[in-house]
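**Student:** Sequence:
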Amino acid sequence: MVNAYYQKQNSHALFSALSIAHRFGQTVEVRGSVIREAQDLQIRIHPQYPFVDFPSRKYNIDYFKKEMLWKLTGDPFDESIKEHAKMWESVQNTDGSFNSNYGQYWFGEQLGLHKAFNELILDKHSRRATIPMLSAKHIGHGVNDTVCTGHITFRIRQNVLMMSVSMRSSDQIFGLGTDIPTFAVLYRMMLAMLQIKYPDVTMGQMCITADSSHIYERHFEMVNKIIDGKEAIESLIEMPLMGSAEAFSIAACKGNVDPSWGEFSAWLLETSNG
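So the sequence shown is numbered by the numbering used here: it starts at 1 and just counts up by one.
What the hints contain is simulated information worked out from the structure, not anything from laboratory work.
Ideal placement from N, C-alpha and C gives every residue a C-beta, glycine not left out.
Be aware that a few hints might be false.
[Claimed, not checked] Subject to a maximum C-alpha distance of 27 Å in a straight line, what follows is the list of computed DSSO-like cross-link-like pairs (lysine-lysine):
no.	residue 1	residue 2
1	Lys66	Lys254
2	Lys86	Lys137
3	Lys197	Lys82
4	Lys58	Lys86
5	Lys197	Lys115
[Claimed, not checked] Distance ranges between label pairs, derived from CB positions:
no.	residue 1	residue 2	range
6	Asn144	Thr202	37 to 45 Å
7	Ser260	Ile20	41 to 49 Å
8	Thr202	Glu89	26 to 34 Å
Kindly generate the complete structure, drawing on both the sequences and the hints.
**Tutor:** The following block contains the structure:
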């Protein structure tokens, strides 16, 4: 019953976000594309069920797994992602890099996840467990890939781990569909790592706030079907939790995940094709 409640909660939050932007948002033309936009939109997601798989959406979880493994490399110059989605060719920077490989901020030289973890180990009630992502170098002429996420912050309150995500821009269909499970992986890692010192800390929510939460014109018909049909996310597609040792191994693996590490690792390497 609890799992069904959280799944229904996520379904309602995502349906509401689509409705607000599509039915009540402003129509804007941005760089030649028409969008419907809701400003400063906030959604709360339970990370146990992070997949936006409305019947009309048909989310591809196999693609998510490939992109997540790419992000685990932490390598902004890894071009392998272009084999799985053509859109990456259009955002690749002139130097061959991808600013939107989030792993470089989480696991790379910046060590964002580890620094945020250290803050919470030193002070359980810290407000400094923040991972900065968007920076000045991502904005300006010659930059094709401007990071959509500004920063991510973790807090522990009443033994519940909370995550706040601040985004400058969020495409509700293609972008958010993959961003939510990606953030859920980071959340699971932090939760498992913290439970070494705080074994009673439990799973809370992810709060995502977007300055511009929008839907592209090419997705208007799909969103109409979801809204008019009052669609709900009916499948209980869960993402496995991690053990503490598994979380530390994944954070340091540079994309070389070993299925023997645990249930999440094995799941990440599985595909619907076997």
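**Student:** Hint by hint, say whether it matches the structure.
**Tutor:** Here is how each hint holds up against the structure:
1. The hinted pair formed by lysine 66 and lysine 254 meets the criterion: a straight-line CA distance of about 14 Å does not exceed 27 Å.
2. Of the pairs offered as hints, the one joining lysine 86 and lysine 137 holds, with about 24 Å between alpha carbons and a cut-off of 27 Å not exceeded.
3. Proximity of lysine 197 to lysine 82 is assessed by CA-CA distance (about 40 Å); at most 27 Å being required, the pair is judged violated.
4. With a CA separation close to 18 Å, the supplied pair lysine 58 and lysine 86 stays within the 27 Å bound.
5. Between lysine 197 and lysine 115 the alpha-carbon distance is near 16 Å, which keeps this suggested pair within the 27 Å criterion.
6. Between asparagine 144 and threonine 202 the beta carbons are some 41 Å apart, a value that agrees with the proposed interval 37 to 45 Å.
7. Between serine 260 and isoleucine 20 the Cβ separation comes to about 44 Å, which falls inside the hinted range of 41 to 49 Å.
8. Our hint of 26 to 34 Å for threonine 202 and glutamate 89 is violated, since their Cβ atoms are close to 42 Å apart.
Hint compliance for this structure: hints 3, 8 are broken, all remaining hints hold.
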